[in-house]
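Model the full structure from these sequences, guided by the hints.
Chains as they are written, first to last, in this note's numbering: chain W, 87 to 429; chain C, 87 to 429; chain G, 87 to 429; chain Z, 87 to 429.
Because the hints were derived from the structure by calculation, they are not lab data. Among these hints, one or two may not hold up.
Repeated chains share a single entry, so a pair holds when one copy, or any two copies, can fit it.
[Said to hold, decoys possible] Here are the simulated DSBU-like pairs of lysine-lysine, each with C-alpha atoms no more than 35 Å apart in a straight line:
{"no.": "1", "residue 1": "Lys131", "residue 2": "Lys347"}
{"no.": "2", "residue 1": "Lys234", "residue 2": "Lys347"}
{"no.": "3", "residue 1": "Lys424", "residue 2": "Lys407"}
{"no.": "4", "residue 1": "Lys346", "residue 2": "Lys407"}
{"no.": "5", "residue 1": "Lys131", "residue 2": "Lys234"}
{"no.": "6", "residue 1": "Lys424", "residue 2": "Lys346"}
{"no.": "7", "residue 1": "Lys164", "residue 2": "Lys347"}
{"no.": "8", "residue 1": "Lys163", "residue 2": "Lys407"}
4 protein chains.
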Amino acid sequence: MVVIMEMGATEPQIEAVIENLNARGFDVHRSSGVNQTVLGAIGVKPEFDPRIIRVLDGVADVQRVTEAYKFASRSWKKEPSVYDINGIAVGGNEFILMAGPCSVENEEQIYATAAHVAAHGASFLRGGAFKPRTSPYSFQGLGEEGLKLLRAAADRHGLNVITEVTEVGRVDLVHQYTDIFQVGARNMQNFDLLKELGRSDKPVFLKRGLSATINEWLMAAEYVLSQGNLRVILCERGIRTFETATRNTFDLSAVPVVKKKSHLPIFADPSHATGIRDKVIPMARAAVAAGADGIIVEVHPEPDAALSDGPQSLFFDQFEKLARQIHDIAGAIGRTMKQPTYA
Amino acid sequence: MVVIMEMGATEPQIEAVIENLNARGFDVHRSSGVNQTVLGAIGVKPEFDPRIIRVLDGVADVQRVTEAYKFASRSWKKEPSVYDINGIAVGGNEFILMAGPCSVENEEQIYATAAHVAAHGASFLRGGAFKPRTSPYSFQGLGEEGLKLLRAAADRHGLNVITEVTEVGRVDLVHQYTDIFQVGARNMQNFDLLKELGRSDKPVFLKRGLSATINEWLMAAEYVLSQGNLRVILCERGIRTFETATRNTFDLSAVPVVKKKSHLPIFADPSHATGIRDKVIPMARAAVAAGADGIIVEVHPEPDAALSDGPQSLFFDQFEKLARQIHDIAGAIGRTMKQPTYA
Amino acid sequence: MVVIMEMGATEPQIEAVIENLNARGFDVHRSSGVNQTVLGAIGVKPEFDPRIIRVLDGVADVQRVTEAYKFASRSWKKEPSVYDINGIAVGGNEFILMAGPCSVENEEQIYATAAHVAAHGASFLRGGAFKPRTSPYSFQGLGEEGLKLLRAAADRHGLNVITEVTEVGRVDLVHQYTDIFQVGARNMQNFDLLKELGRSDKPVFLKRGLSATINEWLMAAEYVLSQGNLRVILCERGIRTFETATRNTFDLSAVPVVKKKSHLPIFADPSHATGIRDKVIPMARAAVAAGADGIIVEVHPEPDAALSDGPQSLFFDQFEKLARQIHDIAGAIGRTMKQPTYA
Amino acid sequence: MVVIMEMGATEPQIEAVIENLNARGFDVHRSSGVNQTVLGAIGVKPEFDPRIIRVLDGVADVQRVTEAYKFASRSWKKEPSVYDINGIAVGGNEFILMAGPCSVENEEQIYATAAHVAAHGASFLRGGAFKPRTSPYSFQGLGEEGLKLLRAAADRHGLNVITEVTEVGRVDLVHQYTDIFQVGARNMQNFDLLKELGRSDKPVFLKRGLSATINEWLMAAEYVLSQGNLRVILCERGIRTFETATRNTFDLSAVPVVKKKSHLPIFADPSHATGIRDKVIPMARAAVAAGADGIIVEVHPEPDAALSDGPQSLFFDQFEKLARQIHDIAGAIGRTMKQPTYA
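Structure representation (structure tokens):
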């Protein structure tokens with residue numbers, strides 16, 4: 087931690103800060119220039135709140151030196167993490183496609199979708215059974231029945247399952263059906279849930295919160311990692327900004343930023359990021375080009391009749407065309423992808 | 087819902103949109119101008135996702151006409167809601183002061199704080215026992231022991247209790263000790279929790295999420311209200327913006343905006359909004375002047391030694407001075423406040 | 087314009103709004119449902135301020151129906167605009183590369199850069215001579231001497247010139263040297279400058295303001311277009327959000343959004359959007375994949391010694407590699423690009 | 087400047103950074119802990135771009151130690167600045183009220199407004215003659231005729247004049263009529279204009295840009311101050327955020343933040359910050375309570391007929407009531423204000 091004293095800070099003020107830091111267990115290096123004094127506070131305390139020093143008299147600013155997270159950082163693990171999930175390598179050179187409807191609605195819908203996405207390059211089937219919805223009057227999901235359908239449809243077509251869990255009390259239930267736990271944007275800082283998942287043996291797919299900085303997102307990952315579950319996958323899905331032309335603002339730069347700070351795989355979700363079908367396709371292509379390890383995208387046999395998020399779900403033929411384009415873009419930057427079927 | 091067709095929309099496109107709306111149960115009023123056609127879709131479906139129509143060919147835009155919430159709106163209840171909480175009228179002409187430490191730390195700390203704030207105008211004692219913290223390595227609260235201390239300290243000094251609940255599984259426990267359930271900003275859209283609290287008999291103090299629009303906040307209140315618990319108190323506590331000089335940006339304009347849209351009482355939390363002690367005082371005064379029904383503010387006997395949020399906690403003498411200033415400002419705009427003791 | 091009355095609006099309130107609209111020259115269609123009345127106000131007044139009606143008693147909301155811009159819209163011109171700039175088609179199927187240093191610094195620097203970018207796929211040479219800098223103490227550009235060097239270097243290597251103009255009083259001077267006028271993000275709403283450029287015979291490259299919505303950006307384009315200069319090129323260069331890991335947040339979704347609303351060509355500037363060299367490369371690739379018509383990117387022979395924006399300028403070898411990757415990505419989505427030289 | 091090396095930075099990387107800093111004229115203090123090395127770079131170069139070091143190998147982060155501005159800082163001038171403007175002390179203990187219409191429209195309008203605001207506590211008359219408008223089709227102001235009317239109306243009623251200048255070429259003209267130059271939010275970083283005003287003998291009222299951080303705002307002030315004009319007044323007028331219920335988000339916390347960082351007086355503009363009349367009143371009161379040195383507020387004899395910004399302009403009786411409330415709130419926090427007339 088570096089403490090920057092004000093230009094006119096007095097000697098007693100400087101000494102009081104040093105004493106305060108010592109009392110809290112820090113060693114202090116003092117460096118006094120012509121105009122200003124800077125104090126280096128040494129001692130690894132990632133949880134220390136720098137505002138404690140910032141409010142002292144004569145202090146101009148305090149800067150954290152070490153990242154507040156440990157297990158999520160590149161310092162802790164230099165090489166990118168690659169997870170073997172039932173034979174699929176997530177985080178490696180292969181670009182991974184996860185696809186499926188927003189919500190599982192019925193048997194016909196989920197089986198048709200599973201068949202289609204499996205044929206066109208997807209390795210994972212997505213689908214919600216417990217839906218967090220902005221309005222209490224909206225469709226809230228099929229519950230366990232939805233989980234059963236999702237698992238069966240995935241198994242039939244050789245896919246893995248990813249589905250959302252929203253509540254500590256439901257972790258065991260969802261665990262019976264899924265291969266990856268998805269944590270939604272609204273729950274990114276549901277710390278009780280994160281701790282519970284940190285004690286699980288299945289990977290966690292952690293979406294970025296709407297207003298979360300990249301550092302806070304990595305801190306949320308740290309909640310899972312610090313409990314012993316070392317398989318976290320991050321997913322950028324749009325942040326909230328002043329622009330309303332899209333549902334959220336797709337912060338695709340997060341991909342190279344995360345790649346530098348962390349060893350964790352990073353995915354992108356162009357469906358939630360943009361919220362409108364005809365923007366999903368270009369932004370899915372952009373995600374591949376930006377270096378994401380995979381995308382998760384919403385597809386529905388009849389988007390116009392979907393019970394949730396229909397407007398951002400792709401039609402089958404759109405998904406098919408997209409899969410081929412991203413396959414080619416992946417190739418242009420030296421990555422592989424499961425070959426989509428060419429009709 | 088109003089559907090605005092593009093300038094060059096064709097007759098078949100317009101007819102397709104009308105048919106689609108009819109099929110979804112809407113009556114349609116068509117209004118064709120020289121340049122453009124506008125369709126009024128009539129039928130009360132607050133949960134309808136307007137994007138379903140927006141993605142159709144020839145549609146330029148779709149605007150919701152009715153608010154998506156019902157019980158939270160002024161249309162449903164014209165008069166401001168006033169709740170009697172153990173003899174304290176919340177939402178009435180009396181300005182209400184809630185105060186206490188961020189976390190309950192020990193008996194001495196919470197008793198001293200209770201005594202001080204009770205003497206200087208507060209009606210409610212705040213204090214956290216289960217703390218949601220950004221870092222897994224930070225102090226996470228005393229748990230049930232904290233709730234017991236909080237209740238006892240409040241009882242000793244004739245105060246009511248407000249404390250946070252973060253998890254469905256803990257609602258019953260917290261219910262035993264608190265007078266008001268506080269829902270933190272990070273849980274504003276924890277819908278499982280909101281539904282559970284909607285079935286409770288105690289009021290819910292719902293803080294605004296960091297990136298929540300006022301409409302989404304009222305929708306979150308609707309989750310509680312629609313389950314039958316009609317006593318929700320809103321609390322503005324800062325939103326996330328590009329400005330980093332303060333912890334968050336205190337959106338104080340939310341006070342008059344909410345007052346117009348809703349009958350629910352609205353409070354403000356200048357401590358979390360600004361995050362730095364010397365900004366808390368002017369912004370607390372501003373909240374009164376802006377018309378808030380009360381504030382919740384952090385106070386600690388020794389802020390420098392606090393286990394959480396010390397830098398934004400007021401010293402006792404600061405709280406005392408602040409209480410007098412807000413008492414006078416309340417008077418200047420025609421409101422009353424519990425008389426602070428003048429030493 | 088659509089006026090949505092409150093649920094409980096009285097008949098006199100509704101009539102007062104209708105009279106008010108009539109007095110302002112609007113025809114009104116009234117549509118009364120069971121719960122609510124909606125008024126359609128007809129009459130093309132793109133400049134009308136909807137807040138005038140919103141503040142009337144009984145009005146819940148007012149929605150604009152027509153876009154406030156005319157010449158910038160797809161309604162006015164269905165086909166994408168393609169400009170022939172000295173034989174280069176901007177806005178067509180060919181992906182356009184503009185490159186060069188942030189500032190023109192000296193003859194050696196600008197000639198070396200021109201030679202390099204010309205050999206690797208660029209059609210335009212960029213470089214600033216009058217630099218708007220956040221600090222008054224920073225390098226402010228070479229002025230006219232910079233313009234001369236830029237023009238000569240471009241001519242020597244068969245490139246066109248794009249450079250920024252910041253001030254009405256300098257339009258004539260810059261006109262002598264440039265092929266395209268660049269308007270920077272900070273001047274996006276410098277309306278005096280936009281009007282002056284609207285009377286010019288050279289194209290205008292209009293960067294998006296840091297906090298401009300896409301609608302405001304198109305309104306700024308309208309200032310130029312409405313004066314008679316029909317050749318505007320838009321450029322997304324990042325918006326300001328809460329995230330500080332990158333200099334700005336690259337809102338790449340603006341590309342498909344603008345493509346749908348407007349016929350104007352749209353470029354992207356990954357250098358200013360991200361502000362850090364190693365993020366420029368993936369985001370430049372993403373811009374191609376998202377469908378931008380071109381990019382403008384900063385390149386410098388010695389980024390470490392650059393007088394401005396060195397940290398976001400590419401080294402020559404990085405530019406060379408990037409040019410090849412974007413050439414291949416352009417191919418993957420069916421676009422052409424000037425062939426970079428393969429060493 | 088403090089350079090924080092990565093946890094695993096190698097000795098050659100550390101030495102390369104030190105050499106680089108030395109070559110740029112910095113002295114370097116090295117401080118190596120168990121896990122990490124921190125370098126203090128000493129030498130006052132406020133304009134140095136820290137990203138130059140941040141992109142070097144092995145560097146984790148770089149933090150600026152000194153503020154980039156000098157004359158705007160409290161370090162340079164400890165006491166709050168107070169300007170005598172024709173006998174009115176701006177920045178002192180007296181709370182200052184500036185009021186008038188958005189645009190000067192005609193003689194009757196501006197004289198009536200001047201008479202009213204002079205009688206109710208205002209010291210300055212505001213009014214625009216050259217209006218920057220989002221749409222090219224909106225009323226653009228009366229030009230010099232507007233300036234003449236404004237001056238004459240102010241003189242008649244013993245008021246001073248504040249009016250906006252948007253263009254370098256118009257500084258001399260506006261100088262003939264005004265007492266304070268207003269620089270609008272859109273021109274906060276129009277550096278050519280700021281430099282020109284920095285050479286003037288009249289004070290500059292600098293509104294905060296919609297997306298400007300407080301530091302950038304102070305840097306914009308520095309452009310004026312560094313040219314020799316030491317009389318700058320800052321004005322908070324709302325920033326752009328995701329919330330659309332108000333025109334902008336009134337960042338009132340900027341008042342105490344600026345008071346701590348700078349000696350410059352700070353005003354607030356609740357009219358532009360909220361954009362809707364019934365929100366202007368509570369937020370004007372809040373500004374006083376938060377410690378602003380004054381406010382600037384829009385008033386119009388017939389807001390419904392105003393040529394610009396009518397919806398955010400107060401009616402005469404509203405202004406009168408507001409003036410009394412802010413007079414009383416000023417008193418509650420120990421400030422004076424010119425006595426409004428009580429009818």
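Hint check:
no. : hint             : verdict
1   : Lys131 to Lys347 : both (19 Å within a copy, 29 Å between copies)
2   : Lys234 to Lys347 : neither (38 Å within a copy, 42 Å between copies)
3   : Lys424 to Lys407 : both (14 Å within a copy, 26 Å between copies)
4   : Lys346 to Lys407 : both (32 Å within a copy, 20 Å between copies)
5   : Lys131 to Lys234 : between (45 Å within a copy, 30 Å between copies)
6   : Lys424 to Lys346 : both (26 Å within a copy, 32 Å between copies)
7   : Lys164 to Lys347 : within (10 Å within a copy, 41 Å between copies)
8   : Lys163 to Lys407 : between (37 Å within a copy, 28 Å between copies)
In this structure, the one hint that does not hold is number 2.
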